[in-house]
Amino acid sequence: MNRSRVTLALAAIGALAFWLRTQALGYGLPAVYNMDEVALMNRALTFGTGTLNPGNFLYPTFYFYALFAWQGLTFLVGLALGLWESLAGFERQFFLDPSTLYRSGRLLSALCGVATVVAVYRLATRLFTPMTGLIAALLMAVTPIAVMDAHYVKHDVPVTLLIVLVHVWLARIVMTDGAAVRRDIWIVGALSGLAMSTHYY
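In this text, residue positions in the sequence shown follow the working numbering: the first is 18, and each later residue adds one.
Treat the hints with caution; some may be incorrect.
Unchecked claim - Here are the simulated lysine to any residue pairs, SDA-like style, with alpha carbons at most 20 Å apart:
1. K171 with N51
2. K171 with Q40
3. K171 with P47
4. K171 with Y76
5. K171 with L208
6. K171 with A41
7. K171 with W87
It should be emphasised that the hints constitute simulated quantities derived from the structure, not laboratory data. None of the values given here were measured: they were computed from a predicted structure.
Produce the complete structure using the sequences and hints provided.
So, in structure tokens, the structure goes:
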């Protein structure tokens, strides 16, 4: 396959992955039936009180900070669109109907899931061929547990993305006969650290 067809096929697979992962953005809302979502969202939003201490280290903290930043972006977008007029209005909306914030958090999971599909393509292509990469990406796009996890505000999809990215860069090192530049080694270390600080099982 030529490069343009590969790019088109990967875009189609990415679109499929995005469609599957965004079908449940509004699941159950305004009620939230997955209690993990409630715990994680509440922990992230407590940073808005002025402290960056999550107060509990059952989970590592990077995802909480990322989710807090994402919700900060949600606030700015909503402010620009007139969904709320102030930070107080944003806070009030969360207690009256948290649907917008949960949809936003689930969208972050969905986007991480789509990025994982692309990363799987890169990994398989680096180790084998572009066709292998497309097949691997398609499998990742439709794998039920990957799709299901991307429907929730949870650690699992972001940490999967980071782990796959670690392996993409490890493959880069391995496939160059170990002649890795120092930058590649630093990138592997940084991504590994981010993965560990996102979730551990």
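Status of each hint after checking the structure:
| no. | hint | result |
| --- | --- | --- |
| 1 | K171 with N51 | 10 Å, holds |
| 2 | K171 with Q40 | 16 Å, holds |
| 3 | K171 with P47 | 18 Å, holds |
| 4 | K171 with Y76 | 11 Å, holds |
| 5 | K171 with L208 | 19 Å, holds |
| 6 | K171 with A41 | 14 Å, holds |
| 7 | K171 with W87 | 13 Å, holds |
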